[in-house]
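> Residues per chain are reported as follows:
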Amino acid sequence: MSKLTILAGFVLVGLMSTSAMADGHGNHVYGPFPVTLKGYSGDKTNSVSYSGQVGRQLLHNSLKKAIGKNAGLDTINSYFNGSDEELPILDPVSSEKFMVDHSNVNDISKTNLSGKAYKGDISGWPGGMSGKEVLASMIARSSEVDGGYDATHGYDYAQLVSKFAMGGIFYHQACDNYLDEKLEANNKPNNKPYKDGAYYTGKEHSWDEAFGYWGAAAHGATLSPEQNYNIAKKKDMVSADANSDGVVNLKSEMNYAHAYYASAFDKGGKTKYYKTITQAFIDGRQVIADAKGEALSDAERNTIMGKARVICSNWEKVIAEAVFKYAGSVYGDLEKLKGGGDAKAYRKYVKHWGELKGFALSLHTSHQNLGELGRKIDGLIKFGPVVGGVSPSQISMNTRRVDGVDEAGNFTFQDASVDEYMLYMLRLQKLMEDEFGVVAKNNDKLAGISNLAEKLGSGESVEND
Amino acid sequence: MPEIIELIFSDLSAQFLSPRKRLFVGYLACAFCIAVLWVCVVNRTSLKTAIAMIFAPAIWLSRSSLFDVICFLINRLLFSLLRPVLLTQITVATLVYQLLHLQVLMPIGALEHVNYWIAAATFTVFYFIFDDFSRFGVHYLMHRVPALWEFHKFHHSAETLTPLTVTRTHPIEGLMFLIRTAAVQGLTIALFVGLFGSKVDLITIYGVSIFGLIFHSLGSNLRHSHIAIRYPAALEQIFISPAQHQLHHSRDPRHYDRNFGVVLSIWDQLLGSFHPSTDEEISYGLGPAEAGFTKSVWSMYWLPFVASFRRLTRFRPRPPKGFERLR
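Chains as they are written, first to last, in the numbering used here: chain B, 3 to 467; chain F, 600 to 926.
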């Protein structure tokens, strides 16, 4: 073999591996990525940084717990607005089976949720408020009822706040800000620090912040959906502890929020939301790192914008899958309650409705206005679930639902039909399938129809008997 | 272009390789065995003679049979392309199932606690009967409504019958069959899922409805053939024999508008169109007055539109010839 052939072979292998890295095929872990900022002379070697977002993930987890355990309005608000005092992490808490490396939110990042909440109007909640006001209002009302559970109006505030915060803060910030306007050429450019004194560039940190809001473990793309799901459920310490130091690093080894829900849907085997989104984040970050601190070219920016589209369209689908799933749950709960359910069944129904509503409101908070589709979604779910006659404690009452608030801020009611609402849940599932293309379709209430249609055949027969 | 070819090829192969299709090779083999047995036993012929009779070139290589093949290919191409926009049973079922939530006579899930097998058996039997009745009904209308008969003539223009004649259908008629299928399946599915919940099932063997499998395995393909298999008179009162359907294709006016049924003959008895099979020699087709209809494949596809339009608009410059079937 001539020297020339050997040299050509090396060049070819080198080119192929460079290309693979550029495509991201060679890397399935989010970081470390080198410091590329021109002129940086400090000792940092890893430019990845999203501790503020991890702090918010922990505030969100803790906020939900605080509402559920009657922590009091001041404490609950401290998780929403942030606090200079110590803020114990209420979830995840270290246990023998699942050791975590922090117990105080402020040790990771002194931050808040309220400052990042969606400021646009949310028409799907009574009162005509912005997303931030809706969350504040829900939190205030949650402290007036035991454990955030309002049986009279059918509201489970722990679920409502949690599910809407995930969308109205995390999804909104990532897809309406960091992966949207901050990808513009002149906004947070890559040849300048993100802010004065930072060791990462504008684009590097914008991308990292979006990844932090997504909530996936840095090594999550190397794991199976079951492993990622069990990490979020604090059941799989071994899979979580990527660096084998004996504790779960809450900054990089934990799954949160929508990333957790993505793994839950992926477990069914029909979807790959978690890997698709997380890998797109990794690939996009690699493109930015490969620019080596120079301003991104149009081609590079187009590439990461393409990745951003993959991320946000799949992220939206994860939320739509959740709406689909909980619409099915609410339908099933009402079926049971119609047959004479008990207080436990009613509690479950209110919980499921809270999850449904929180996820559905989240769909309104991305960079695109849902328009007519948004009105359809709100019109089917309404301001509240059907209560009254379906609740064992209010069985003598007519069935009704919240339809607004009066001047004093009290919820008002209108008559409502259980059967009609069940129909709305079916239509909502159909809407999620038709408009968002959901695939996992957990709790599909029309599955019986699809299964039978499949068995009977497609009806394409044009035979003349 | 290759995608279209692939689509057509997969559609064509499914017609013969899927047990859900009437022309499945397994059903054709069953029909052949039954035909051999019938000819050998009833006509007391040798196996060789029976096979020669079954595969008579005068039948299989006739002009009419050639047209069957051409029409089969044209229709498969047409419906392969139309498939994405056709009404499906899922659409109908979803709509009806949703509407069921707005009525109070039949509470959703009222029979949800019924045993699985009872639910599945009820669904399977109900669907079989409803489907058979609806086929009868549509067929009845195709003969009795003049504008529809113009399209159904396409099928009755066959002068020799082979299993492929079952697909000799005008596209307009084909669309009507598709709508019928979607409506019947959709209504049945919605009704039963509404009553029994998601557990309701179709009883199948090898993925095929048990009744469909029995019907096709017992020689449904012989309905369009020259092998006149007759059932005992009592049995023909319940099930339509191949010979009874062949009589339906007769060009003899005495046999017009008889035996519209597919599996059950009870519908014909109820509507007065029942006719037992006979041992007469039967000629098929539309008759000499309609010779122009099968002048070409084009005329078969085009003339029904013209004649049907005239029927609907009563624009009849002169008395049409060859409509003697109409009552």
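A couple of the hints might just be wrong.
[As the list claims (entries may be wrong)] Here are some chain B residues pointing at chain F (derived, C-beta under 8 Å):
(1) K237
(2) M239
(3) V240
(4) N245
(5) D247
(6) G248
(7) V249
(8) G334
(9) D417
(10) D421
(11) M424
(12) R429
(13) L433
(14) G459
(15) D467
[Claimed, not checked] Short, incomplete list of chain F residues facing chain B, as computed with Cβ under 7 Å:
(16) S645
(17) K647
(18) G708
FYI, nobody ran anything at the bench for these hints, they're computed from the structure.
Think of the CB as a built atom: it goes at the ideal place given N, C-alpha and C, for glycine as much as any other residue.
> For every hint, state whether the structure bears it out.
Now the hints, each set against the structure:
{"no.": "1", "hint": "K237", "verdict": "violated, 30 Å"}
{"no.": "2", "hint": "M239", "verdict": "violated, 38 Å"}
{"no.": "3", "hint": "V240", "verdict": "violated, 38 Å"}
{"no.": "4", "hint": "N245", "verdict": "violated, 46 Å"}
{"no.": "5", "hint": "D247", "verdict": "violated, 48 Å"}
{"no.": "6", "hint": "G248", "verdict": "violated, 47 Å"}
{"no.": "7", "hint": "V249", "verdict": "violated, 45 Å"}
{"no.": "8", "hint": "G334", "verdict": "violated, 10 Å"}
{"no.": "9", "hint": "D417", "verdict": "violated, 15 Å"}
{"no.": "10", "hint": "D421", "verdict": "holds, 5 Å"}
{"no.": "11", "hint": "M424", "verdict": "holds, 5 Å"}
{"no.": "12", "hint": "R429", "verdict": "holds, 7 Å"}
{"no.": "13", "hint": "L433", "verdict": "violated, 12 Å"}
{"no.": "14", "hint": "G459", "verdict": "holds, 5 Å"}
{"no.": "15", "hint": "D467", "verdict": "holds, 4 Å"}
{"no.": "16", "hint": "S645", "verdict": "violated, 33 Å"}
{"no.": "17", "hint": "K647", "verdict": "violated, 32 Å"}
{"no.": "18", "hint": "G708", "verdict": "holds, 6 Å"}
In the structure shown, a violation is registered for the earlier hints numbered 1, 2, 3, 4, 5, 6, 7, 8, 9, 13, 16 and 17, in ascending order.
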